[in-house]
Every structure is written in structure tokens, then in C-alpha cells.
Amino acid sequence: MPATQGRVMNGPYGGWGGGYYDEVHGEHKVKKIDAWGRSYNGFDVLNGFQFTWDDNHQGHLIGHKNDNIHSGFEFQDGEKIDRMTVYAGDGEGYVNGFDFDTNKRRHYSIGGKEGKANQVIHLGTGDLIGAEGRDNIHGAGEVVDNMDIYFKT
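With UniProt numbering applied, the sequence shown corresponds to residues 1 to 153, in that order.
These are computed hints drawn from the structure, not numbers from a lab. It should be emphasised that the depicted structure is a prediction, and the values quoted were computed from it without experimental measurement. Hints may contain errors.
What the hints assert, rightly or not - Calculated lysine-lysine pairs in the DSS-like style (CA-CA distance at most 25 Å, straight line): (1) LYS31 / LYS65; (2) LYS65 / LYS104; (3) LYS29 / LYS65; (4) LYS152 / LYS29; (5) LYS104 / LYS32; (6) LYS65 / LYS32.
Claimed, not checked - Derived DEER-like restraints, expressed as beta-carbon distance ranges: (7) GLY42 / THR125: 31 to 41 Å; (8) ASN41 / GLY78: 39 to 49 Å; (9) THR125 / ARG105: 17 to 27 Å; (10) GLU74 / THR125: 31 to 41 Å; (11) THR153 / GLN119: 12 to 22 Å; (12) ASP77 / TRP16: 32 to 42 Å; (13) ASP77 / ASN41: 38 to 48 Å; (14) SER71 / ALA117: 12 to 22 Å; (15) GLU92 / ASN56: 33 to 43 Å; (16) TRP16 / ARG106: 27 to 37 Å; (17) HIS122 / GLY91: 17 to 27 Å; (18) ASP55 / THR153: 32 to 42 Å.
All C-beta atoms in this analysis are idealised placements derived from N, C-alpha and C, irrespective of residue type, glycine included.
Whenever a hint applies, use it, and build me the whole structure from the sequences.
Here you go:
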């Protein structure tokens, strides 16, 4: 759980395939998450995601969109994550999905719950600031293979 540049990292979650992506926008907080799921090799998995930060900067699409399985979440003012779980292979496979609860008693979930249930322990201030990992094409090949989750310290 290294803390650098005002952020704390959790992970990596998932396998070791794919290339590199870095979806952090300075110290800005993620304001909106768009994420897509799909069925892959018999499992429900994270197909792709895209962040929009609090200054309205929209990040890259990591992975692929699947309009049949889309889930979006927009944080309200002062809303913070107070519990998060990432479901993923333990050093293999890919990221199946993730879910979280906020201090405003709202819940978000995308993808499947197969794989290891990884409780995200180091939530810092509860402000999500981004993710980093490896993938195949512009963020993921068929699915998101790997991710680290960053929170503001």
C-alpha cells in the first residue's frame, strides 16, 4: 500500500496480462464512473470503464463499451466511498467486477463476483482519484485484466 503524491494505492487486482494504463488526473477526485460488463469464458467480468473527474475532464476509455451491460455512478457533493470490494483472480485471470458503498448510503456494482473478493482496505479520505494497470489494447483487450485503485490521502 504505497502512498505517493497525495494518494494511496490498493492492489494490484487481477492477472498479469496486457499493457499499461494510468487513469489518474493529478489530485482531482473522480466525479463520475461509467463502466461496462460482459460475459467472458463463462464469467461475468469488467469489460471497460471511463472516469470523469471533478473538473469535468473525461479520461480514456479503458477496455470496451458494452451498451447491454452499462452501469454509471455520479458522486454527490461530499460523497465518499466507505467500503469497496474488487472481485478478481488472485494473480491470474482478470477483474470480474467491483462494488462500493458510500457515506450517503448509496451502493454501486458492476461486473461479476467470481474470483477472490478483495476488500479495499486503504480508502484514504474516501475520495477515489483513479486507477492504473495492465491491458492489451487501449486499456484492455477483451476484458480489464488488472487494476490498482487510488484514493486521496
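Hint by hint, here is what the structure shows:
1. Distance check on the hinted pair: LYS31 and LYS65 sit about 19 Å apart at the alpha-carbon level, within 25 Å; holds.
2. Our distance criterion of 25 Å between C-alpha atoms is broken by LYS65 and LYS104, whose separation comes to about 28 Å.
3. For a cut-off of 25 Å, the pair hint linking LYS29 to LYS65 stands: about 23 Å separates their Cα positions.
4. Straight-line distance between C-alpha atoms of LYS152 and LYS29 comes to about 8 Å, which keeps the hinted pair within the 25 Å bound.
5. With a C-alpha separation of about 15 Å, the suggested pairing of LYS104 with LYS32 holds against the 25 Å cut-off.
6. Straight-line distance between C-alpha atoms of LYS65 and LYS32 comes to about 16 Å, which keeps the hinted pair within the 25 Å bound.
7. Taking the beta carbon of each, GLY42 and THR125 are about 38 Å apart, inside 31 to 41 Å as hinted.
8. Between ASN41 and GLY78 the beta carbons are some 40 Å apart, a value that agrees with the proposed interval 39 to 49 Å.
9. Range check, THR125 to ARG105: about 18 Å between beta-carbon atoms, so the 17 to 27 Å window is met.
10. Taking the beta carbon of each, GLU74 and THR125 are about 18 Å apart, not inside 31 to 41 Å as hinted.
11. Our hint of 12 to 22 Å for THR153 and GLN119 holds, since their Cβ atoms are close to 19 Å apart.
12. With their beta carbons about 38 Å apart, ASP77 and TRP16 fall inside the hinted range of 32 to 42 Å.
13. One distance hint, 38 to 48 Å for the beta-carbon pair ASP77 and ASN41, holds here, with the actual separation near 40 Å.
14. Judged by the Cβ atoms, the range 12 to 22 Å given for SER71 and ALA117 holds: they are separated by roughly 18 Å.
15. Distance hint check: the CB atoms of GLU92 and ASN56 are about 37 Å apart, consistent with the given range 33 to 43 Å.
16. For the pair TRP16 and ARG106, the beta carbons lie near 33 Å from each other, so the given range of 27 to 37 Å is met.
17. A beta carbon spacing of about 19 Å between HIS122 and GLY91 agrees with the range 17 to 27 Å that was offered as a hint.
18. Against the hinted window of 32 to 42 Å, the Cβ-Cβ separation of ASP55 and THR153 comes to about 19 Å, which falls outside the hint.
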